[in-house]
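On the provided structure of chain A, position chain B as indicated by the hints.
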Amino acid sequence: MTWYAYGSGLWLVLIGVFGVVRSRNLIHTVVCVSIAQSGTYVVLLAIGYQRGGVAPIFGASTPPGTPVVDPVVQAMTLTDIVVSATVTALLLALVIQVAKRHGTIVPDELHAIRG
Amino acid sequence: VAEFATALPALCVATPVAGACVLLAAGRRLPRWAVDGIGTAVTVLGVVLAALLLAATANGRVVEWAGGWQPRPNLTVGIVLAADRTNAGIAVLIFALATVALLFGWRYFDSVHAHYHALVLLFVAGMTGFALTGDLFDMFVFFELMGAAAYALTAFKIEEPESVQGGLTFGVVNSLGAYLCLTGIGLLYAHTGQLGLPQLARALAGHGSGPLVLASFVLICTGWLVKAAAVPFHFWLADAHAVAPAPVCVLFSGVMAPLGCYGVTRVYWVVFRGSIPDTAVHRAFLVLGVVTAALGALMCWTQRHIKRLLAYSTIAHIGLFLIGIAALDQLGVAGTEIYLTAHAAVKGALFLLAGLLLSRYRSVDELDLYGRARDHKAAGCAFVLAALALAGLPPFGTALGKSLLDDAGASLPLTVLTLLVSAVTGGAALRVALRVYFGLGPRPSVESTSDASSGADEEPDTQPPSRTPVSMAAAVVLLLAGGLAVGVVPAFMRGVGAAAGAFVDQRAYVAAALGQFLPTRPAVPDTNWATGGVLLGLGTVALAVGIAFAGLYVRRVPALLRDTVAVLHRLHSGHIGDYAAWLILGTAAFAGLLLLG
Numbered sequence: 001m002t003w004y005a006y007g008s009g010l011w012l013v014l015i016g017v018f019g020v021v022r023s024r025n026l027i028h029t030v031v032c033v034s035i036a037q038s039g040t041y042v043v044l045l046a047i048g049y050q051r052g053g054v055a056p057i058f059g060a061s062t063p064p065g066t067p068v069v070d071p072v073v074q075a076m077t078l079t080d081i082v083v084s085a086t087v088t089a090l091l092l093a094l095v096i097q098v099a100k101r102h103g104t105i106v107p108d109e110l111h112a113i114r115g
Numbered sequence: 116v117a118e119f120a121t122a123l124p125a126l127c128v129a130t131p132v133a134g135a136c137v138l139l140a141a142g143r144r145l146p147r148w149a150v151d152g153i154g155t156a157v158t159v160l161g162v163v164l165a166a167l168l169l170a171a172t173a174n175g176r177v178v179e180w181a182g183g184w185q186p187r188p189n190l191t192v193g194i195v196l197a198a199d200r201t202n203a204g205i206a207v208l209i210f211a212l213a214t215v216a217l218l219f220g221w222r223y224f225d226s227v228h229a230h231y232h233a234l235v236l237l238f239v240a241g242m243t244g245f246a247l248t249g250d251l252f253d254m255f256v257f258f259e260l261m262g263a264a265a266y267a268l269t270a271f272k273i274e275e276p277e278s279v280q281g282g283l284t285f286g287v288v289n290s291l292g293a294y295l296c297l298t299g300i301g302l303l304y305a306h307t308g309q310l311g312l313p314q315l316a317r318a319l320a321g322h323g324s325g326p327l328v329l330a331s332f333v334l335i336c337t338g339w340l341v342k343a344a345a346v347p348f349h350f351w352l353a354d355a356h357a358v359a360p361a362p363v364c365v366l367f368s369g370v371m372a373p374l375g376c377y378g379v380t381r382v383y384w385v386v387f388r389g390s391i392p393d394t395a396v397h398r399a400f401l402v403l404g405v406v407t408a409a410l411g412a413l414m415c416w417t418q419r420h421i422k423r424l425l426a427y428s429t430i431a432h433i434g435l436f437l438i439g440i441a442a443l444d445q446l447g448v449a450g451t452e453i454y455l456t457a458h459a460a461v462k463g464a465l466f467l468l469a470g471l472l473l474s475r476y477r478s479v480d481e482l483d484l485y486g487r488a489r490d491h492k493a494a495g496c497a498f499v500l501a502a503l504a505l506a507g508l509p510p511f512g513t514a515l516g517k518s519l520l521d522d523a524g525a526s527l528p529l530t531v532l533t534l535l536v537s538a539v540t541g542g543a544a545l546r547v548a549l550r551v552y553f554g555l556g557p558r559p560s561v562e563s564t565s566d567a568s569s570g571a572d573e574e575p576d577t578q579p580p581s582r583t584p585v586s587m588a589a590a591v592v593l594l595l596a597g598g599l600a601v602g603v604v605p606a607f608m609r610g611v612g613a614a615a616g617a618f619v620d621q622r623a624y625v626a627a628a629l630g631q632f633l634p635t636r637p638a639v640p641d642t643n644w645a646t647g648g649v650l651l652g653l654g655t656v657a658l659a660v661g662i663a664f665a666g667l668y669v670r671r672v673p674a675l676l677r678d679t680v681a682v683l684h685r686l687h688s689g690h691i692g693d694y695a696a697w698l699i700l701g702t703a704a705f706a707g708l709l710l711l712g
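Line by line, the protein sequences are chains A and B. Under my numbering, the first sequence has 64 at position 64, and the numbering climbs by one with no breaks. Under my numbering, the second sequence has 629 at position 514, and the numbering climbs by one with no breaks.
What you were told as hints is all true, and nothing was included just to trick you.
Covered stretches of chain A (chain B as the covering partner; in silico rule of three or more C-beta atoms under 8 Å from a C-beta of chain B): (1) 24-38; (2) 41-54; (3) 76-86; (4) 95-104.
Chain A residues, not near chain B, derived (Cβ > 10 Å throughout): (5) Y4; (6) A60; (7) P63; (8) G65.
Hints were generated in silico from the structure; no laboratory data involved. Glycine included, each C-beta is placed from N, C-alpha and C at the ideal position.
Chain A with its partners taken away, still in its complex shape:
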C-alpha cells in the first residue's frame, strides 16, 4: 500500500518535470511545476502514514499512546503548500507579463535572451 503512495509521489514529480520539458504553453509549464510539487506532498504524507493511525491530536478520544500519523511531515506539507501558492502566483504573474511584452506564451517563440 505505502509503496503505491511513494511510487505515485515520485511519478508525479517526474511527470511534472517531463511536462515542463515538453510544454508548448507557459501556463501549462507553470501548472506542471505545481504538479511536480504536488508529488512532494504525496511523498511526504506517505512517509508519515501509519496503518490504523489517527490524527495526531491528543485529547479525550485520543489518549497518549494511541498510534497516530507523523505530524512533522504534515507540518512540512503545509509549509510546502504555502511556498507553492507563492511561487505559482509569482510565475503566473510573470507569464501574464510575458504575454503582454512578447505577444506569445509559446516557449519556442521566445527569443529575447539566449546564447
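Quick look at chain B alone, frame taken from chain A:
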C-alpha cells in the same frame, strides 16, 4: 552577554524581515530619501549584528534552539540555528554586499518604489537564514524565500520582454531543483526520522551507505547545485544576470550562487561525511567543477553582452569553488572561502561598472560601446583594475584564494586549469575595458549575430546622470577595497584558516549543536601568501593581458573552435523545456559519478 550572543543568529534573520515589513507598510507615504535611508540603515545594522556574531564565534559555535526547545538524549524536537565562523562570515558578506548594492541604488534608479528595497531585504533574510540554520527543512524554506525574492528582483523591470523571460526561466528551473531537493529531504527523513543536521549526522553514523542515503544525497545536492549554477544546472544564471538590475547582480553573483556551494559543502561535511565514500564524492565534485569552470570560461570569452559575460565568468569561478570543495580537506575549504569573498567584491565592482555604462550609454553591448566611454578614464581604470583582480592580481584576495586552491588540489593539470580559467575570464573583462573605455583595437563590425543576445537594446534602469554621483563611485571603490583587504589583512587570513578547520570538524559541530561540550583542537591550515602563489598570480595576470590583446587584434579564429562555440551557444537556447531536460540529465549524471566504482 552570553544570552545576547545566542540571540544574534535569529536577530540576523529577523532584522531584514522587520525592515522589509516597515518599508512595505509605510513606503507609500515616505519620500524617496527616507526609503533609501531605511533600507541602507537596516543592512548596516545587519553588518553590525553579523560582525558581533562573527566575533562571538571566535570562542566556539553560537547555538540557539528556536522556541525554547532543548535537545535531550535520544529525543530532539525543535529547530537549531548554529553559527560558526564560516556562516557568520558569510552573513557579514551578505549584509555588506547588500549595503553596497543599496548605496549604489540611491542614484542609480530614477523612480523606484519601496517594494524594491523590501524585496532586497527579504532576499537578504532568506540568504542569511539559509547560511545560519542547522536544519535541513529550514534550509529548504529559506532557499525558497530567497528564491521567490530573487525571481521578483530579476523581473524587476517588468515592462521589458527580456526581464520577464529571464525571471520566469529562473523561477521555473530553481523551483524544479527545489522540489527534487525536498524529495531528497523527505527520503532522508523517512530513513532516519530526523531533519536537523546534527541529529541526521548521529542517525547516519555507522549505518553505512544505502541506496536511500545515496539517493537523498543526490537529490539534496541537486537542489543546492541548481542555485550554485554548476553545469548543467547553470542555464538560468546567465539569463537572470543579463536582465536583473546591476546592483541586484552584485548580490546574485557575489553570494546567492556561492551559497549553493556552501549548502552542498555544509550538508556533506555535517551529515553525509562517512556515509558516502570519499572517493566518490571527490570525483563527482571534481568532474562538476572542471566542466563548469571550462564551459563557463569559454562562454564568457565569446559574449558581447557585458553583463552576460560577467555572468558566465561567475559560472567559471563557481567551477573553481567546486574544485576547491572537491579536495575534501580544510585547505580546500579555506581556499574556497577566501576566493569566494574576494570574488564577490571584485565581481560586484565589475557589475556596478557595467551598470554605470548602461545608465550612461543605454547599452551593455561591448561592440556597440567601442570607444564611447573614452572620457571616463577613472571608471575605465577601475574596470581594468577589477578585471586584473578577477584574473588574480596579487595582493588581491583572488590570487591568495587561487593559490590555496592549487595547494589543496595538489595536481598539475588542476593548477593549469585554474590558471587558464582565471586568465580567460579576467582577459575577457579586460578586453571589454580596453575596447569600451580606451578604444583599443580595430573598430568592430556591430552586425548582430542571431544566436546570441547582444545587449544593445537593453533598457537602462535610469536617466543618465551628468557626472558619476559620489554614492555610485563610493560603492565601486568600497568593493575594490574589500577585494584588496581580503588578501592583505592578516587577521582575516588567520580567521579563515580557523574557520575552515572548524568547518570540517564534524564531531565538534554535532556536539556543539546538541548542547554537549567536546574539547577539540581542529587542524588549522596555513593560509598565508607563498612565493609560488604570488608568481602564479603574476603569471596569470600576464596571460590575461595577452589574451585580452589577442581578443582585440586577432581576427582569424580556427574553424573548429568557431563551430564548437556556435554549438555551445545554440545549446543555451533560452527555452525553459531544454533547461528542465538538462536538470534531469545533470541529476542522473551526478548520481552516476557517485556510483562509479
